[in-house]
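In this note's numbering, the protein residues as written are 1 to 157.
Please note that the accuracy of each hint is not assured.
Straight-line distance between alpha carbons at most 30 Å, and here's what the computed BS3-like set of lysine-lysine pairs gives [to be verified]: (1) K46 with K128; (2) K30 with K46; (3) K128 with K147; (4) K30 with K83; (5) K79 with K30; (6) K147 with K100; (7) K83 with K128; (8) K147 with K79.
Just so you know, the hints here were simulated from the structure itself, not pulled from any lab data.
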Amino acid sequence: MLNPSNIHIEVLGAAQPIPYELLELADPSKTHIEAYLTNGTCYLAKIGDETIGAMVLQELDGTTMELKNIAIMPSLQGKGYGKALLGHAINVSRVLGYHKLTVGTGNSSIGQLAFYQKSGFEIQHIIKNYFVDHYPEPIFEDGIQCKHMVVLEKRLL
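Whole structure, please, built from the sequences with the hints as guidance.
Right, here's the structure in full:
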């Protein structure tokens, strides 16, 4: 039976393929994904041998870790797997001594905004026109154009 407590989270190994299909669920730009994979650490969420989710963490500075990407396969979304993966990001960041974990999401990402706030993240600021200026094609979610990045933060200490 599928259960979020059954997932195993591991660092993506050098010989393992990058899970672009999953990462592109949260970020449609392969160029952006490749850029933050260069300086970040990719984690895989697995049930048995099947990869069901992925996330990328990247240090912003000596006190702040950023969650650059987090995604769960669509058929398993809303079942607690994303919450388990986010919990791992929080724990890893805390254990490594970071004071804050930040994440940026789109103004049109209503579900994601609720998801992060339910996990203790608070809105810090908005980067106006981020997605208009940094993505070649317009992004729409639920009929809303994604224009601005909403930056949220969770204090870890």
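Structure-based check of all given hints:
1. Between K46 and K128, the direct Cα distance comes to roughly 36 Å. Violation of the 30 Å bound is thereby established for this hinted pair.
2. Restraint check: the Cα-Cα separation between K30 and K46 comes to about 22 Å, which is no more than 30 Å; the hinted pair holds.
3. With a CA separation close to 7 Å, the supplied pair K128 and K147 stays within the 30 Å bound.
4. A hinted pair counts as satisfied when its Cα atoms are at most 30 Å apart, and K30 with K83 qualifies at roughly 24 Å.
5. At most 30 Å may separate the alpha-carbon atoms for a hinted pair to count; K79 and K30 meet this at roughly 27 Å.
6. Taking the CA atoms of K147 and K100, the gap is near 25 Å; set against the 30 Å cutoff, the hint holds.
7. The suggested pairing of K83 with K128 holds, with an alpha-carbon distance near 28 Å, which does not exceed 30 Å.
8. The straight-line distance between the Cα atoms of K147 and K79 is roughly 28 Å, inside the 30 Å bound, and the hint therefore holds.
Of the numbered hints given earlier, the model fails hint 1 alone.
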